[in-house]
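Sequence lines, in order, name chains A and B. With the first sequence counted from 1, adding 783 to any position gets you this note's numbering. With the second sequence counted from 1, adding 795 to any position gets you this note's numbering.
It is worth saying that the hints were derived from the structure and are not from the lab. Since this is a predicted model, take the numbers as computed values, not measurements. Wrong hints could be hidden among the right ones.
Said to hold, decoys possible - Dumping the calculated BS3-like pairs for lysine-lysine here, alpha-carbon to alpha-carbon at most 25 Å:
| hint | chain 1 | residue 1 | chain 2 | residue 2 |
| --- | --- | --- | --- | --- |
| 1 | A | Lys805 | B | Lys878 |
| 2 | B | Lys837 | A | Lys887 |
| 3 | A | Lys825 | B | Lys873 |
| 4 | A | Lys887 | B | Lys852 |
| 5 | A | Lys851 | B | Lys873 |
| 6 | A | Lys825 | A | Lys854 |
| 7 | A | Lys854 | B | Lys873 |
| 8 | A | Lys854 | B | Lys878 |
| 9 | B | Lys878 | B | Lys852 |
Each chain, written out:
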Amino acid sequence: GENVEQHPSTLSVQEGDSAVIKCTYSDSASNYFPWYKQELGKRPQLIIDIRSNVGEKKDQRIAVTLNKTAKHFSLHITETQPEDSAVYFCAARDSGNTPLVFGKGTRLSVIA
Amino acid sequence: EPEVTQTPSHQVTQMGQEVILRCVPISNHLYFYWYRQILGQKVEFLVSFYNNEISEKSEIFDDQFSVERPDGSNFTLKIRSTKLEDSAMYFCASSRENYGYTFGSGTRLTVV
Chain A
784 GENVEQHPST LSVQEGDSAV IKCTYSDSAS NYFPWYKQEL GKRPQLIIDI RSNVGEKKDQ
844 RIAVTLNKTA KHFSLHITET QPEDSAVYFC AARDSGNTPL VFGKGTRLSV IA
Chain B
796 EPEVTQTPSH QVTQMGQEVI LRCVPISNHL YFYWYRQILG QKVEFLVSFY NNEISEKSEI
856 FDDQFSVERP DGSNFTLKIR STKLEDSAMY FCASSRENYG YTFGSGTRLT VV
């Protein structure tokens, strides 16, 4: 089955700087790669996702890039703000109806 | 915005007791999932449900666990003979296709 590795486990950045979180996956058949943000004690919330037919997707300050050859994808947050502080999880899914497999999460702290 | 609703928000149970966690998925969604998250760890897949039957289950989802969709709206997770290590946050999720999961707010299960 799919295995997702996520790095780093913790990340601290100054407000206004960029943050990058990276994930690798094992199954070359995986075709869907979402990112979730989880604030303390709350549910994971989908913030952006990408499918394997595109290499990059942007939504305001958030972007995701996908390199299918290398089997890795990354989350980029620009102009970070204190409210971006949370745990971010990447995930990947095999083709068909298999469920999402999550990475271990990255705790992002944005220091004002 | 439609939400996935979970009840109760917190459940405390004695070791060996049975618990039922309840979820109301988004009404036009077709895929339903249970995940769990032990404190500070990643989100782990338990089971997925589609077309009124289990479509996938993980190694965690052994004979102690069962799921049901007793009517057109509810989706339940039953844990028989609970153990201390079952203590975790249990998240229900649903999706219309097998993309873009929406998570519920979770049930924190504490086994004492």
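Right, here's what the structure says about each hint:
Between A/Lys805 and B/Lys878 the alpha-carbon distance is near 35 Å, which puts this suggested pair outside the 25 Å criterion. Restraint check: the Cα-Cα separation between B/Lys837 and A/Lys887 comes to about 5 Å, which is no more than 25 Å; the hinted pair holds. As the CA atoms of A/Lys825 and B/Lys873 are separated by approximately 22 Å, the hinted pair is consistent with the 25 Å bound. A distance of roughly 20 Å separates the Cα atoms of A/Lys887 and B/Lys852; the hinted pair therefore holds under the 25 Å criterion.
Pair hint A/Lys851 plus B/Lys873 does not hold up; C-alpha atoms about 39 Å apart against a cutoff of 25 Å. At most 25 Å may separate the alpha-carbon atoms for a hinted pair to count; A/Lys825 and A/Lys854 exceed this at roughly 30 Å. Taken as a hint, the A/Lys854 and B/Lys873 pair is broken in the structure, with Cα atoms around 37 Å apart against an allowance of 25 Å. Of the supplied pair hints, the one linking A/Lys854 and B/Lys878 is violated, its CA atoms being roughly 38 Å apart against a limit of 25 Å.
The hinted pair formed by B/Lys878 and B/Lys852 meets the criterion: a straight-line CA distance of about 20 Å does not exceed 25 Å.
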